[in-house]
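Colleague: Construct all of the structure, not just a fragment, from the sequences and the given hints.
Chains as they are written, first to last, in the working numbering: chain A, 1 to 434; chain B, 1 to 277; chain C, 1 to 273.
One should not assume that every hint holds.
Quick list of in silico lysine-lysine cross-link-like pairs, DSSO-like style, CA-CA up to 27 Å [claimed, not checked]:
hint, chain 1, residue 1, chain 2, residue 2
1, B, 131, A, 78
2, A, 231, A, 378
3, A, 329, A, 50
4, A, 173, A, 254
5, A, 423, A, 378
6, B, 131, A, 64
The hints are simulated quantities; they were obtained by calculation from the structure and are not laboratory data.
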Amino acid sequence: MTFRSLCRAIFTGTAIVLGLAAASPGPVCAEQVTIRMWMHEHPPRIAIDKAIIAEFEKANPDIKVDYAVIAVSEFSTKLLTAFASGSGPDLFNQSVLMVAQYYSSRVLAPIDYAAMGYADENALTSNYLTGFDGIRFAGKLYGVPTEVSNYACYLNNTIWKIAGLDPNRDFPKTWEEMPVLAEKLTVRDANGVPRRRGFDFDWPSGPAYWLTLNSMMRQRGASLIDEVAYKATFDGPDAQLVVQYLVDWVNKYKLGGPQYTDTRTDFLAGKLATDCSFGIWGIPQMHDAKIDYTVKPLPRFADAKNDNGYDAYAYYMMVNARSAPAVQKAAWKLARLYVDHAVELFTGAGLFVPRQDVMAKTADSDSQVFLTELKKAKFAPRVVGFNQVVDVLVRGRDAMMQGGQPVASVLPQENDDVNAVLKREKARAEAMLK
Amino acid sequence: MRARPRAQLLLFLGALAAAVVFAFPIWFMITSAFKAEPEIQAIPIHWLPHDFQWLGRFREAAEFAPLWRYFLNSTLLSLVHVVVTVFFGALAGFGFAKYRFPGRGFLFFFVICTLMIPFQILVVPLFIEVKAFGWDNSYPGLIIPGMMNAFGVFMMRQYASELPDELLEAGRIDGAGEFHMFLRIVLPLLLPALVSLAIIVFIWSWGAFLWPLVIVQDRELNVLAVGLTNYSQPYQHAPMWGAAMAASTVATIPIACLFVFFQRYFIKGLTAAAVKG
Amino acid sequence: MVGYFAVFSIFPVLFGFTLSLTDYDLLDPPNWVGLDNFRNLLADRLFLTAFANTLIFVAGATVPVWVASLLAALLFDQIFRGRNLLKTVFFLPVLPPVVVVAVVWRMLLHPNGVVTWLAGAWRGVTEIDWLSNTVLAPLSMIVVHDWAAIPFFMLIWLAGLAGIPPELRDAAHIDGATPVQTFWHIDLPQLRSTAVLVAALSTINAFQTFTLQYVLSPDPGGPANSTLVLGLLVLKYGFQYFRMGDAAAVSAVMFAMILAVTAAQLRFNRRAS
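Modeller: Structure follows, in structure tokens:
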């Protein structure tokens, strides 16, 4: 065999293999309906998921469930790329922070009440205290909540008592008193660098920063974003005040900052006196970490217009509008069974949903703090291009905190940048509708 | 040129200072892989572990994330890339050097052009393309794009063109086929260059980061380069520096071995890669 | 083999250029926008920041490296006791993959960590935010990059120095030239093509930098985007914001810049020889 014919053979062979791979047919179509279901990785919940699926398949022999667990950090990417290639899951569970994007691209199917076994919307929502606002668009609901959460403050009793403070009486009700109190709980080294913080905000997490800003703005009766008009609205005096407070926390009082370890890790390690970035799901984590804690509601501003704590966020079970109608119906049926297991999901995996049956399990005083706050909580504005908006806010924050730039000049720029993002996304959504 | 004795001392001291400063992080990495976690960030620095941990940190790394799986995946990726690039590089390089055929110049130029393409411009379209093949988050998707590197063709053509034609003629006279001649005569002659090429391709593939980052989602499929970040930036967990240093050491060992055993080829490979620019 | 390159190299590039002319967010089909993406880039603050940061990084990664690696090569070209051992030790930073370099330095540059102690203990400073300060962060990137680059380019210079015919040097020695004169009049002109090579190579490499910024920074892009470079921006636009068209546009710009540098190098070389 000549050298050249060998080359040709190899080339042809490779091309054939590649061609085959590209043209390989998908799985053989079955008579029955298959639901592709994607959930986040959360070990305690996975076992429950599987049990629910087994129960569902037994009750519906003509429906099969193809269940996949995906790492939290990759979930969004994987969802988007799957939708892009037309192989998105039929039933999936995702955070409220992302839903605006899916809705605007018409990926979400409105709830099929009949398939779920409810007479109408009211039959569904009357079971719940709250939680649907995050998934309501133009008056319709596009998913069912599998977890609703809001943050409150956890205090490490041991550290507080050693500092000579009483967690129950001394925790401030207002933001204005916080710096003084946090200072009493802060341990500093010879250079004034905080070695153990008294209280700090969860800076490294973009979503946590987003929730913090929204909640504090809402307390002052203002908002970060006007969801309906699709505009950024934080160039006013309230926004300046809130952001200045946060910047002072880091630069003036030096009580913490984005350069330190995130607060959740430190609190669970017993290295932080107070943290307000856990929800009701934090309780089992505290027990595991052996932290003796007290739960308190978030401080408010002394001159606050609204009495609210942290904004709520939720995870919803949603159905892919691009799936075959028969599959969609089956998916809603599965969703119904899933949310009916809410009590089990709470006791087994710590996922709280404000349903009558679950709330019956939360008579203890700690859970009551969360519930009381939840009644007053609203959902943060939902935006398409969430990643971009949060990035702008975080970068602006860094410029002010790490770069020392004044709030008065950075904030208007941030406002413009966010507006640019929103405008762009809005234009694109409109272009798609044409 | 031998320097004068006084200058000798100065040179030695200068070189010593430079070597110490530059090697310090490597020293720190290796010693930290054997320290207890609190010791690693201890101030003042512990130059040597006070509490030698043997394989404690390595075990910790292997428990927290599938370290050995990462190592295996990296090895698989690198070996495939090396074999494919070297084999096709030798074949094609020899072909371009010693055979005349229509379109030779154009084809060679075409192949070399691919060398100039920075990976960033390929990432997004390649991702969409590989996804269309159904290869995302899979071994083919991870290994096949990039497994043939045009640099192999370029380098082998250089060396092959220097082979004396008489030798090849002599091989042909024996009556053996072209391919036979290629195996028996050309390959052995090209061996030193092939080794250098193999080494440089191995180093490039071993350190590949952007592509695995984008195409792989399952932990089990990931390579060591990306897997390392699991230790330095774990999700909702403080950084595990000991495990990170252990994993880093593991990641450096293969290249260090290549350097120790094949130093001449190593250096030749690096300089050849540089000259192609 | 040609088929392989066609599929995995040429086609993606062409596809990439096409993408850069669209608006594609993966959820909806691509939408043709022509040169809008490029036009928008000029007004895009993120792009301009990334562009500026990349230029700063390239400057810091080429000039100091060019000089320092040349000095190191000159040093290790001399013959003295222990040279080979010290040269090998000096060369160690080249061995670990970039990721390892980034992870190790991430640990060393902890605000209360090793480098802070070395740099500040004698002044009583216990915390230096190497990676979270908007000025120190880009500086740290440059220093870490240079740390690994200098020994590598020393190798290239050494190869170049080895290529200088010893007769030239001997002749200068006989004529009574000092080492400095020898260097200036004999070595440097002979090293011209090596010099151009080092400059071009370090520039092209620095333009594409990505892994270092991604892994070394606790938050890719750095505080207030101070370490956001073009390589990172492609990833951000493509896989965080899912604006594929913009990602493709940015990488097209990168490609153009690298082509320009390569062309300049070729011209320089042609004039030199």
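Colleague: Could you run down the list of hints and mark each one as holding or not?
Modeller: Quick rundown of the hints versus the structure:
1. Distance hint between residue 131 of chain B and residue 78 of chain A is fulfilled; the C-alpha atoms sit about 11 Å from each other, no more than 27 Å.
2. About 19 Å separates the Cα atoms of residue 231 of chain A and residue 378 of chain A, which keeps this hinted pair within 27 Å; it holds.
3. Restraint check: the Cα-Cα separation between residue 329 of chain A and residue 50 of chain A comes to about 20 Å, which is no more than 27 Å; the hinted pair holds.
4. Of the supplied pair hints, the one linking residue 173 of chain A and residue 254 of chain A holds, its CA atoms being roughly 21 Å apart against a limit of 27 Å.
5. Proximity of residue 423 of chain A to residue 378 of chain A is assessed by CA-CA distance (about 24 Å); at most 27 Å being required, the pair is judged to hold.
6. Restraint check for residue 131 of chain B and residue 64 of chain A: satisfied, since their Cα atoms lie roughly 25 Å apart, inside the 27 Å limit.
Checked against the numbered hints given earlier, this structure breaks none of them.
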